[in-house]
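> Each protein sequence line maps, in turn, to chains F and L. Once you know that position 389 of the first sequence is 389 in the UniProt record's numbering, the rest is easy, because the numbers rise by one and skip nothing. Once you know that position 77 of the second sequence is 77 in the UniProt record's numbering, the rest is easy, because the numbers rise by one and skip nothing.
You may find that some hints are simply not true.
[Unchecked claim] Here are the simulated distance ranges between beta carbons:
1) L:N156 - F:K189: 24 to 30 angstroms
2) L:P99 - F:P282: 53 to 59 angstroms
3) L:G130 - F:D385: 53 to 59 angstroms
4) F:E216 - L:A139: 26 to 32 angstroms
Bear in mind the hints are in silico, worked out from the structure with no lab data behind them. All values derive from a computational prediction rather than experimental measurement. By construction, the Cβ of each residue, glycine as well, lies at the ideal position given by its N, Cα and C atoms.
Here's the letter readout for the chains.
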Amino acid sequence: MKLKLATMALGAVMAAAPAMADLVFPSLSYRTGPYAAGGIPFADGYADYFTLLNARDGGIGGVPTKLLECETGYNTEKGVECYESTKGEGALVYQPLSTGITYQLIPKVTADGIPLHTMGYGRTSAANGKVFSNVFNYPANYWNGASLIVNHLLEENGGDLKGKKIALLYHNSAYGKEPIRTLEELSKKHGYDLTLIPVDHPGQEQKSQWLQIRRERPDNVIMYGWGVMNQVAVQEAANIRFPMENFIGVWWSGSENDVLPAGDKANGYKAVTFHNVGSDFPVFDDIQKYVVDAGNAAGAGDQIGTALYNRGLYAAMLAAEAAANAQKIHGTADITPAMMRDGMEALEITEARMGELGMPNFGPSFKVSCENHGGPGTGAIAQWDASAKSWSLISDFSESDMSVIQPLIDADSAAYAAENKIAEGCK
Amino acid sequence: MFYREAGDFKTSYDADNQTFPIKFDRIGYYVALLVAFLVVPFMINDYWVNAIFLPFLIYAIAAIGLNILVGYCGQVSLGTGGFMAVGAYACYKLMTSFPEVNIFFHVILAGGITAIVGILFGLPSLRIKGFYLAVATLAAQFFLVWLFNRVPWFYNYSASGQISAPERTLFGVPVTGANTSAWATYLFCLVFLVLCALVARNLTRGMAGRKWMAIRDMDIAAEIIGVNPLKAKMTAFGVSSFFIGISGALFFAVYLGAVEVGEAFGISKSFLVLFMVIIGGLGSIFGSFAGAAFLVLLPVLLKNVLVGGLGWPTDTAAHLEFLIVGALIVTFLIAEPHGLAQLWRVTKEKLRLWPFPH
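Based on the provided sequences and hints, a complete structural model is requested.
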C-alpha cells in the first residue's frame, strides 16, 4: 500500500509536467532484450534526425521537436505503458517498431485520433486508408517485401520458378506469419513449392530447423526474422554450408548485426530493402557536424550509416516531412495529432525534396492518399560483402507484384472492417 | 494499543469465524473496498488504469489462482502462462462465436473451460510429485502455446495469428475494445478480483482448503485421515485454473486487447506469476495481492523515477531496473523466506504488543 501511494505521488508529479510547446515525437524503442540488436540502431537514427533538425533548422517550421524515448523491450505490456505515458504529452505520431505492439495500438490510436506509422512492418492491410484511417505503412510493407524477393528469384531463374523449392524461415509470431498468404498466392502463380519453417521466440535455438533445411535441400531460403534470430540463422546456414546467395532476408533480417557474427562465411547473403544503404549522402555530413561533433549523438553513436540506423533516420525524415506538411495545410506551426494525420495522408515525397534534404535517391518518391496508405511498395536487393563489411545494392528499386497483393489487402481490410463495424470511407 | 482482540466481543460462532476477527482489520478492509469502488474510479485516467491498475488487478487474480495450487495444495505448477492462454483464447472464441451473450458470462465461461483443461493436465499429479510435476506442467505450458500457434481455428484463421478483442459492452458501457473509459475497465476487473478473492478466501478456510493443506503438508498422512487425494488434487487444479483462466481472459480482452500467444503467454509469464506467489507468500490470499503489487508496481515506479525523474537514458534505466528488482527479490527472500505476507503477519504481532512489548 505504501508502495502504491509512493507510485501515485510520483505519477502525479510526472503527469503534471507536460511541455505542450514542442512538437512531441515519442520513440517506443528497445535497447534491451533479445531484439535490442535491431532496436538500438533504429532508435539512434530516429533520435539523431530530430536532434539534427533542432540544431540545424531550429526544429520544424520554427517549432523545436522533442523526442520522448520509452523502453518497450519489444514487450506488449511495456508498450501499453509507454503509449499511455506518452500520449498525454501531445505525441504526434507513434512508431513502435514492433508488429505485436502495432496490433494493440491500431484500435487505440484510432480511438484517440493519433496517427501510427509502421514503416515496413505492422498490419499490412493498413495500407487501405479507407478502413485504417489513422494507420500508415508507407513506403513498403511485408507483402511487398515477399513479392520483391520472389521477383528477384524470378529474375535469377530466367522468369521461371516452376518446381523450385523455396523455404520460408519465419519468426513464429504475427510478424513472421504475415508473408505466408502472399507467398502462397505467389506460389500458385509461379508454381514453386513453399515450405514453412517456424522459429519460436526468441530464436536462439534453430538446430532442428536447419536440419530440416539440410534434409529437404530447398533452392532458396527466405527469412522473416528479427533480433537474435537473424544472426543465429546466418550462422547455422554457414554451418550447413547453405549457399549464401540463395539465402534472402526481408529488410528486418538485413542489418550488419545479423551478418557480422558469422564473419567471412556470411559473404553473399542478401536482403531486400526499401531505402538506400551506406552513409554516402550529404545528410550524414550534417549529422557529423551538428549532432556527433556537438556530442549529442544518441546511444553510443557507433551505429551511424548502418542499415537500421538509416531506416530510423528515414522514418524520422518522413515524420518530420509529414509534420511540415501538416503545418502547411493547417496554417499553424503548433500542430495537433489530428493535423499530423492530415499531413501524413497528404504527404508527397519528391526526388527534388529528397535532394534538398541531403538524401538524394535514398528512398522512393511517392504520394500518400486516403486510398493508399501503403506507398509504392518498391524495393531493391542488397548483398553483403564480408571483406568490405558493407551492404551494396545489386539491383535497381523495382515494383512488387501489386496484382497479387492488392486483392489480399482489400480482403484482409474488409474482414477487419466487418469485424469492427467500420464503414469504409475517406475522412 | 488499538490493534488487539481485547474488548472486541463476539456473541455468535459466525462472528467468531469471520475473515477479519480484529475490528481494526475489519474497518481497514471496508475502507479499502470503499476507496477501491467509490473513490478510485473517479480519480483514474488512462495511464493509471492501463499501466498500473489493470495489470495489478489481473495479476492478482492469477496469483490467487496459482497460490491455491502451489501455496495451499503444494502442487508446483509452471503452466500458468499456458492456462492463461486457454482463458484468453476461450474468451476470444466465445466473444466472436456468441456476440449476443454478455462479456461477463464469457469471462466466467472462459474460466470454466480453463478449469477443465487444468484438471486434465493435473491428472499426472496423482502419480508424480515435486520437481517432476513441475516438469509435467511445463510440458502443458509449451503444448498449449504450441497448440494456439498451430491450429488456425483458435485465432479464427486470421493472417497473422493475432487475436483481437472486439468491442463488448456491459450495461451499455464498453469494457473491451478501443472505446473504453478508464473507470469501466477498472471496475470490471475489480469486481472479478473481489469475487475471486472472496471465493478463494472462503474455500481455503473451509473443508476444501483444509484438505488441500493436509495434502500439502503430508499426502500419506492426509490419505490416512480420510482425505481423498484424487478429489483434493483435482479440485485444487480445477479451482486454481478457473481463476487463472479468468485472469487470462481479462488480460486479453480488457487489458491488452490484442494478443499473440507466444509473446503474451510464454514461459516468462508462468515464472512471473510464480514469483508473485513466492514473494507475496505461499498459502496466503493477502500474499497474492502483495506479490502482484510488488512485481507490477516496482518496475513502473523505477522507470518513472529513473527516466522521468532523473532523466537517465532508457536503456541504462531498463538494465538497472532488472538489477534492482532482482536484488530486492533476493534480499526479501533472505530476510523473509515466507514472503511479504509473513512480514505483514509479524508486523501485526508486534502491533498487538505495542507499545508495551514486555
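> Each hint: holds or not?
Hint check results:
no., hint, verdict
1, L:N156 - F:K189: 24 to 30 angstroms, "26 angstroms, holds"
2, L:P99 - F:P282: 53 to 59 angstroms, "56 angstroms, holds"
3, L:G130 - F:D385: 53 to 59 angstroms, "55 angstroms, holds"
4, F:E216 - L:A139: 26 to 32 angstroms, "28 angstroms, holds"
This entry satisfies every hint, going by the numbered hints stated previously.
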